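Peer 1: Given chain S, put chain P in place with the hints provided.
Number of protein chains: 2
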Amino acid sequence: MSQRQEAAMFRTLVASVAMLASAGALADEGLWTFENFPADKVREALGYAPDRAWLDRVRAGTLSLDGCSASIVSSRGLVLTNHHCVEGCIAALAAPDQDVLTSPVIARTEADEKVCPGQEAFTVTDITDVTVRIRAVQAGLSAAEAATARAAEVDRIVAECEGGAEDRWCEVAPLYSGGVETLYGYKYWRELRLVLAPESAAGSFGGDPDNFSFPRYAWDAAFLRLYENGQPAVTPQRLKVRTTPLQDGEMLFVSGFPGETGRQETLAHMSMYTDTYYPLSMSLNAELRGRLIAAMAGGAKPRGFDALLAGTENNFKRDWTELASLRSPGFLEAMAAREAQFKADLAAQPDQAAKVADAWTDIELAMLAARRIFNMRYLSEYAGAGSTLAYQARQIVRAAFERKLPEDERLPGYSDAAIESLRRGLDNEAPVYAEKDELLIGFWLSKLREYLSADHPLVRAALGRESPEGFARRAVAETKLGDAAERLRLLDGGVDAVTASTDPLIRLMVAIEPEARAVAARYHEEVIVPREAAERRLNEARFALYGSDTYPDALSTLRLNPGVIAGWTEPDGREVPSFTHFSGLLERETGAAPFKLAPLWEAAKDKLDPNTIFNVSSTNDTIGGNSGSPVLDRDGNVVAAMFDGNIYSNGGYYLFDPKLNRSVVVATTAIVEGLTKVYGMDRIVTELAAD
Amino acid sequence: MSQRQEAAMFRTLVASVAMLASAGALADEGLWTFENFPADKVREALGYAPDRAWLDRVRAGTLSLDGCSASIVSSRGLVLTNHHCVEGCIAALAAPDQDVLTSPVIARTEADEKVCPGQEAFTVTDITDVTVRIRAVQAGLSAAEAATARAAEVDRIVAECEGGAEDRWCEVAPLYSGGVETLYGYKYWRELRLVLAPESAAGSFGGDPDNFSFPRYAWDAAFLRLYENGQPAVTPQRLKVRTTPLQDGEMLFVSGFPGETGRQETLAHMSMYTDTYYPLSMSLNAELRGRLIAAMAGGAKPRGFDALLAGTENNFKRDWTELASLRSPGFLEAMAAREAQFKADLAAQPDQAAKVADAWTDIELAMLAARRIFNMRYLSEYAGAGSTLAYQARQIVRAAFERKLPEDERLPGYSDAAIESLRRGLDNEAPVYAEKDELLIGFWLSKLREYLSADHPLVRAALGRESPEGFARRAVAETKLGDAAERLRLLDGGVDAVTASTDPLIRLMVAIEPEARAVAARYHEEVIVPREAAERRLNEARFALYGSDTYPDALSTLRLNPGVIAGWTEPDGREVPSFTHFSGLLERETGAAPFKLAPLWEAAKDKLDPNTIFNVSSTNDTIGGNSGSPVLDRDGNVVAAMFDGNIYSNGGYYLFDPKLNRSVVVATTAIVEGLTKVYGMDRIVTELAAD
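Line by line, the protein sequences are chains S and P.
Residues in the first sequence are numbered from 1 upward in steps of one, following our numbering.
Residues in the second sequence are numbered from 1 upward in steps of one, following our numbering.
Only chain S is shown next, with the shape it has when bound in the complex (with noise of 0.2 Å):
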């Protein structure tokens, strides 16, 4: 394509973006509820759609799990998710000598499943529209008044709801930042047990290279089961399973509870966060990895190490890939294009726009704000950099400040209520690694200094003339804060006693809470809050020119999505085909980590037929949250579970690119051939084959 012509598309891109705003979302775009969900829309741009019928089966055989999703397919509780959404479950059950890198935890028999620690799970059982309900409490109040009479009222309404029933549980969701209240009611699901999750070398194969990637070879899937009683749970809402190979642009549904998206946010606010937040934290993130990995490179694994890795390497290509998305073709220009539409239909209905007044200015101007300090505010709440104890000390010694105070004058995140909660956490035995400790203490005071300059009030607070690394040695040797009881001695003795400690850690947070307090105070108050003001004015006026024409940002609740099976085209110019195959995983091994074959893959790999469908990059708009989630076909059968996006997909928080924009799901004929030929697991084969 010549560079003219790509300018060509992207005025397109914009244009038909622009549309958004007023006439609703594109074919593949929405984060759609099942109770509002657009079929005649839909029906004419992809030339399907669902009826309520359809509708209905799957939402009843969608589970929330907690941040992922899942399918239930079989009649007997068998439920289908991502291997990445059961880790904790494999950390507490796998053996304690077993390497879970390169063997799988299985049960080979119905009586070896066990119990998921804290694993719970949900279904939507109903769905009841209560904006009425809310509306008439709030009735001529201010907006603080009428946020407390909500809270009021939905605690009625979820009381009515779940009326003492043991398995059930509510919540009113504020749709459309609030203007469709909806109750969704749950059936609650109190036990799982793991019945198999592969090992990491097959779960996440490509590991860091192929995060966020596509072509990918991830055989990312796990089986759990829901029990009631001690026995499997009877579920006749299964969804059917089928194992017939998908076709390149064949319709997909995806089904699930995606996290939060903020697809109305202001540029101004967004810029704000590209230009501070990424650039800091990458830096941050990739200075970190490098002396993870050069220290680990002799074979050294202190404890707490590789996980570390493993998270930073995440956190770094998760911000990698967001700005990669939020920088290709057209972005923002699109991005631009919402923006101004909305402007242009406010300002065509004068009395929404006096609402709204200067939302806009106000916005730049906390922005302004926020740039001014964000780095020093970052870097000082950032405590400890990941350090278990130096988190722990900054949590007791600020909550014995805060409260101090009254509660309306804490910063946030330090309640009663909310002070009770971070006792509880406080109040366990997790083991503490010394040697992850002191890096990351050294490295967060070293960082300190560097960014905000040895001279700022809050680095000499910290430092005096003590070197960052010399006192997180000195501290991770002296610090009593592994031990449960002195931590809760510390946050119940509140001021007096942490101002008395000599506990290094303790001692280097009231050191700086001075600094730190007014930092994150200042972000607070000059940041947060007018910038929330400003977007409630905005979202209300957004809902009364638009509706629910359009689909209502994520917040963890029900949403479906259709979509297409497709590859894409890079920036550069690259075609990325739709499919891999089994043919694809054996010519990428290299029998070194991350594209080494576990032992049972390395062993089975003779048997796999290479022409199965392995993972898939679909259109369908998704976002953290969708996990494990069911992918459908037309007939509403599972063909594959959800696990990935590109790198594109991370921009998707802000806006869907349908050009760019693609989920990667791994599809349910490569799921059942490893479970028949690598994990000998005929059993859950002929489970999900039963009526």
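For the record, the hints were derived by calculation from the structure and aren't laboratory data.
Check before you lean on any hint, since a few could be wrong.
Copies of the same chain look alike in the list, so a pair counts if it works inside one copy or between any two.
Stated by the list, open to error - Here are the simulated SDA-like cross-link-like pairs (lysine to any residue), alpha carbons at most 25 Å apart as the crow flies:
no.	residue 1	residue 2
1	Lys607	Ala354
2	Lys355	Gly425
3	Lys41	Asp635
4	Lys596	Tyr451
5	Lys355	Glu110
6	Lys605	Arg465
7	Lys447	Glu575
8	Lys187	Ala53
9	Lys677	Pro431
10	Lys447	Leu101
11	Lys447	Gly573
12	Lys447	Pro577
13	Lys659	Ser271
14	Lys596	Asp606
15	Lys447	Val576
Quick caveat, the model's predicted, so the values are computed rather than measured.
Peer 2: Chain P only, in chain S's frame:
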């Protein structure tokens, strides 16, 4: 200051910068030539301006040191510059077992002064406008013909100017992008000896945390001596040194050879660079830095790691501070206002506007092309990420293939003459540090795979099924490129030799050359050529509009800038003072590097006058190349050596922001105090004071 007040202040900055394009520069902005110094304007703004005699004297006493500047400060050829400008000489002259971090290199007597190998210097003796002469040979020619005609005429002018004299050198500088052609005649100094270079612990006290910062406590000074015929040179043009204390607000002049600015650069070009280069370069340098810090944490010091870490930290911080400075409040708005003003002025001159045509659109389209392939091109051209072996392999392989093409179809940098110069570079016995090369090659290949993806043809060609680290280990163990004779054999053997080679590094570069060359060529054709052509049209129009009422961009020729001693107010509200004193040095020491005093300073610290002014912040407009520059008072006496800038000085490539951009200089008061009380170099103090 309230937010709204600050917003008003930005508008003032924007407005004042907008005036520049037509009305010339602000008072303390401007890399003015000595031949066109705006004395009236400076006098009006700052109350004083030098006369012609002052200018001639300072010109003659200002030295160019190949990338740095310096002052001649005695009539026996004594030269004052920065410690960081003589690091190559220190490495050459230090004793084999000397730790230059903690011990200085001192010539106790004149007889001890040793030659700095390869060090040359220049002073400007005469300046002639040769515009008319060059225009005469260009009349009626096309752009390409005119460039050729200019080159030939410049050769003639330079030959006449040098007249075959041994100690003379001449150059024609195209000021204002060729609007004014200026002939500079230089006296050529071929022998410089080292008199005193401090320890790094003094010269760059504060290390990376203090780099590009203020307050600062660096004795970044060094003394050389000009020799002729084995004797100290006779230099009546010496500048006098003042050692009475500087006063806050006092006017300072910086004379020197600033390297390069792009103060007319378009927003489109700058923002492409900001959006692509900084995230990638900072992430790469941050991770490499982390790897090096961790690799040396246990006290191990593989050869070359120390210097590599210092360079990597400096590169990271330069990028970080440049970006911080571009993101500082009002900076972008000021650039936009300058561009808008130029567009408005141009619109008022239809004949000029017609010549410019759609230059801005051309640049925008070129930048769109750049964004699409920037990462791929950067990572591919970044061959080896600093590994000498990998870089040499790239040069040898590329030269072999390019040499088969006609010169005008080759990649830039591979003309016959360039290959000849590259051959000289390969013909040396510089040591290879195997661990460093292995680290860098493994790092480079792992980043290629991470950023381009395991599926990219270049990555597949590079790695096959080998891992980055495995390849690096094997390649460094097996390669014969450490041997200069083998490098030359391969270079001279051309395509046949490199394709027949089994050397793993040569094979690597041969394997990726088709992809690597394609992206380099594409970037050149789609980005560089159209951008440069469009910029040429803009620059010609700009000179037609404004002539020499403003100053020309820096290009390593002699310039003078007037400013005043002043601190600044940080965007977050903190006030930074103008001066530091020896007392602050003693407060800042922690006993741990980089805040550890060197032994001689530790021994002398009780003798130092704590009130001595040490480093100073000033509003002078300086840029890389000004390091070591004479800093002069109104009387033309040397009062300091310029050595750095604050964070915001790093935006000075694009724009001088008078609110925030500050130069940092080391005062002669501190230099003399150190010479006397730390180094016992009274012979130099006496020489400085002599008439």
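Peer 1: So, for every hint listed, does it hold in this structure?
Peer 2: Each hint, compared with the structure:
Taking identical chains as interchangeable, the C-alpha atoms of Lys607 and Ala354 are never at most 25 Å apart, the minima being 69 Å within one chain and 71 Å between chains. When the C-alpha separation of Lys355 and Gly425 is checked against a cutoff of 25 Å, the pair qualifies neither within a copy, at 43 Å, nor between copies, at 70 Å. For the homomeric pair Lys41 and Asp635, the shortest alpha-carbon distance inside one copy (19 Å) is at most 25 Å, but the shortest distance between copies (80 Å) is not. Proximity of Lys596 and Tyr451 under a CA criterion of 25 Å is satisfied inter-copy only: 20 Å between copies versus 39 Å inside one chain copy.
Taking CA atoms no more than 25 Å apart as the test, Lys355 paired with Glu110 passes in neither setting, with 61 Å inside one copy and 81 Å between copies. For the identical chains of this complex, Lys605 and Arg465 are inter-copy neighbours only, at 17 Å across copies versus 60 Å inside a copy, given an alpha-carbon limit of 25 Å. In this assembly of identical chains, the alpha carbons of Lys447 and Glu575 lie at most 25 Å apart only when taken from different copies (22 Å versus 41 Å within one copy). In this assembly of identical chains, Lys187 and Ala53 lie within 25 Å of each other by CA distance solely inside one copy; the values are 19 Å within and 92 Å between copies.
Proximity of Lys677 to Pro431 under the C-alpha cut-off of 25 Å is found in neither arrangement, the shortest distances being 39 Å within a copy and 54 Å between copies. For a Cα distance limit of 25 Å, the shortest separation of Lys447 from Leu101 across copies, 23 Å, qualifies, whereas the shortest one inside one copy, 33 Å, does not. Proximity of Lys447 to Gly573 under the C-alpha cut-off of 25 Å is restricted to the inter-copy arrangement: shortest distance 21 Å between copies versus 39 Å within a copy. For the identical chains of this complex, Lys447 and Pro577 are inter-copy neighbours only, at 23 Å across copies versus 42 Å inside a copy, given an alpha-carbon limit of 25 Å.
In this assembly of identical chains, Lys659 and Ser271 lie within 25 Å of each other by CA distance both inside one copy and across copies; the values are 22 Å within and 23 Å between. In this assembly of identical chains, Lys596 and Asp606 lie within 25 Å of each other by CA distance solely inside one copy; the values are 16 Å within and 63 Å between copies. In this assembly of identical chains, the alpha carbons of Lys447 and Val576 lie at most 25 Å apart only when taken from different copies (20 Å versus 40 Å within one copy).
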